[in-house]
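Participant: Residue numbers (the numbering used here), protein chains in the order written: chain U, 392 to 659; chain F, 392 to 659; chain E, 392 to 659.
Since the hints were derived computationally from the structure, they do not count as laboratory data.
One copy or any two copies: either way a pair holds, since identical chains are not told apart in the list.
In silico EDC-like cross-links for lysine to aspartate or glutamate, where the CA-CA straight-line distance does not exceed 20 Å: (1) K446 with D459; (2) K624 with D635; (3) K622 with D635; (4) K624 with D642; (5) K446 with E495; (6) K520 with E536; (7) K478 with D600; (8) K520 with D443; (9) K520 with E495; (10) K446 with E475; (11) K520 with D565; (12) K599 with E475.
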Amino acid sequence: MESIINHLQSVRDESPIVHNITNYVVMNNTANALLAIGASPIMAHAHPELRDLVKISGASVINIGTLDEYWVESMILAAKAANEFGKPWILDPVGAGASAYRNETITKLLEHSPTIIRGNASEIMSMAKVNATTKGVDSTNTSDEALEAGIALSKKTGAVVCISGEKDYVILEDRVTAIENGHQLMGRITGMGCTATALIGAFAAVVKDPFQATVSAMCVLGIAGEMAAEKAKGPGSMQLRIYDNLYQISDTDITNLAKLSSLSDNDL
Amino acid sequence: MESIINHLQSVRDESPIVHNITNYVVMNNTANALLAIGASPIMAHAHPELRDLVKISGASVINIGTLDEYWVESMILAAKAANEFGKPWILDPVGAGASAYRNETITKLLEHSPTIIRGNASEIMSMAKVNATTKGVDSTNTSDEALEAGIALSKKTGAVVCISGEKDYVILEDRVTAIENGHQLMGRITGMGCTATALIGAFAAVVKDPFQATVSAMCVLGIAGEMAAEKAKGPGSMQLRIYDNLYQISDTDITNLAKLSSLSDNDL
Amino acid sequence: MESIINHLQSVRDESPIVHNITNYVVMNNTANALLAIGASPIMAHAHPELRDLVKISGASVINIGTLDEYWVESMILAAKAANEFGKPWILDPVGAGASAYRNETITKLLEHSPTIIRGNASEIMSMAKVNATTKGVDSTNTSDEALEAGIALSKKTGAVVCISGEKDYVILEDRVTAIENGHQLMGRITGMGCTATALIGAFAAVVKDPFQATVSAMCVLGIAGEMAAEKAKGPGSMQLRIYDNLYQISDTDITNLAKLSSLSDNDL
Chain U
392 MESIINHLQS VRDESPIVHN ITNYVVMNNT ANALLAIGAS PIMAHAHPEL
442 RDLVKISGAS VINIGTLDEY WVESMILAAK AANEFGKPWI LDPVGAGASA
492 YRNETITKLL EHSPTIIRGN ASEIMSMAKV NATTKGVDST NTSDEALEAG
542 IALSKKTGAV VCISGEKDYV ILEDRVTAIE NGHQLMGRIT GMGCTATALI
592 GAFAAVVKDP FQATVSAMCV LGIAGEMAAE KAKGPGSMQL RIYDNLYQIS
642 DTDITNLAKL SSLSDNDL
Chain F
392 MESIINHLQS VRDESPIVHN ITNYVVMNNT ANALLAIGAS PIMAHAHPEL
442 RDLVKISGAS VINIGTLDEY WVESMILAAK AANEFGKPWI LDPVGAGASA
492 YRNETITKLL EHSPTIIRGN ASEIMSMAKV NATTKGVDST NTSDEALEAG
542 IALSKKTGAV VCISGEKDYV ILEDRVTAIE NGHQLMGRIT GMGCTATALI
592 GAFAAVVKDP FQATVSAMCV LGIAGEMAAE KAKGPGSMQL RIYDNLYQIS
642 DTDITNLAKL SSLSDNDL
Chain E
392 MESIINHLQS VRDESPIVHN ITNYVVMNNT ANALLAIGAS PIMAHAHPEL
442 RDLVKISGAS VINIGTLDEY WVESMILAAK AANEFGKPWI LDPVGAGASA
492 YRNETITKLL EHSPTIIRGN ASEIMSMAKV NATTKGVDST NTSDEALEAG
542 IALSKKTGAV VCISGEKDYV ILEDRVTAIE NGHQLMGRIT GMGCTATALI
592 GAFAAVVKDP FQATVSAMCV LGIAGEMAAE KAKGPGSMQL RIYDNLYQIS
642 DTDITNLAKL SSLSDNDL
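Whole structure, please, built from the sequences with the hints as guidance.
Facilitator: Put into structure tokens, the structure is as follows:
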């Protein structure tokens, strides 16, 4: 827990600039979540300025939710610039598998070595299938299948892979941490996954180890959601309280509520 | 009332995918409203993927609020795909009459036979004027004039036409149902009309009769708004409570609060 | 205080149409703030319709937050149309100084004589540096330096310049009014500056003197924020309450809470 507390303190102390190329639906949410946690969001996609902005940022978040031809080019430019300047970049493959165009875009982006990839189980399974080696779709246990896909995707890309869901998994090759924070009502608010990715960006900007940064971000958001659910009457009040809690979350909250576990090889 | 209760249950049970090409202002609102009611929103506009996404959706919602040349093309592609795959599509003619460009775009979209059209009185009157036969603007009773325009527009296009306002009308040629739910404070929240259109999409995806789907969607949103207004202190808390209520609304709420009436020929 | 009360009453009575070309992140916020205060927002950027829409609006707000090539052209078209039709237009130079592209865009927009410019201290300082005459960055007092930059920018452009921050300044050449309303938590909500600019648009649409319009808008938003902070538990509940308060704010609230002062030459 201590590392999560330290990481959150670093975000609040350093207030890292997080550059986002994200979808129209969630820009407001993710900017608000970044501000609430103490980071400084920039949302920008214009080709002529991406290099300038990636350079001054601590991390770039690339989310393909409402992609089109111009924005795909923006994403590639940003990913290249992040590599050029040695900045972490985080890929959110929204809707992977839903269209051929999304799959092609993801394939292009993977060529530029994302530091971290965060998606839900179906997105990660789709990416592993599209781009590599899975055992097909006849696994009876979705959760196991997703985890296997995540491990395969991490091995193939070298990226930290985060699968979010009822239980979140953070994966780097054979290293897996499970996080059991969060609340089902978070699934009724648009952009909670995208918000997770944005927060990973904030933590990755100040924490050297992208695996630990991802674990901390997912755990903090999950706890903020659990705390919010205590009094929420539905997704409207839930969303509001998540921002309030990202702002207020204390070391004690983290100590009391974080639920992490490392999965040994036997669990896999 | 029973049909509304059944329709809402179908949305919650089937969780239909609703594809949206909508405006930047309300994407977050309408995604949240769709999630709250139990549907699964997709927001996407890229030309290369529209056919794929319309195909997997139960309905498409096309809202021209922040249109431009690329997006108009997206809208036409989506409307064509909806017809190709036999999916209902719903047109929200935001700002009809405010610019020549909006009117031209609406004319193009009407060529692709929307299943349902929802607008406010001035938008529907503008559409009826632009595209057909009205008696001019010298009617002394705006409400009557709007209703006449709605009937004319429905007859001309074959679409169900919904005029939202203090009283909502759902029209299919000479069949008219009036809904007296809702609250004036809803007019102080951006995108309440767009939210109505999105919810119509959710109901149209699971209810075969687009007339009944529209009545149910408008009634449910109106009731959610009325319930929200009881404790709201302004448009901020009103918006939040509408999401909470869309999530929580019960059969009893519908039974107690729905205010529907069919207008006979004599009323018209 | 009386003029602020009168100006707010004019916004509520006249419900001016405010045209916005603004960034994706805040469109929802600024539309909601405009509706809450009593204005009628239009968000539109399509080249073919800008002249039509600026013509029917009382003011245009141009915010460069998520600019790209198409949108920059939209901004220029709107600024030209505003001048053609004698409408005030308000520039929000988001991120001035963060990229060469932003600076170039601002230079182009300044050629079309904005009526009012609102930015934070670093944006205004960057604009004054980029486009004119400052004394460099070695001032020890940022606030003084910003104020000097604002005065220089106003003199160079002829625009009213508003610098928002802990204390807001409204500047027309050597005339300066300081406003000490607001709350630090407003900085943790995305788009509060953009919301300020949008509200300035609403006031400028109904108040002839752009200096007074700006003072009134900044003061009303600051008071709404102060009132919101009394019960807010974080940025989520803060944002919600600001909308509620913009809707509810009374003459008495303004009389009791407005903190204005004119700076004489000796203060500068």
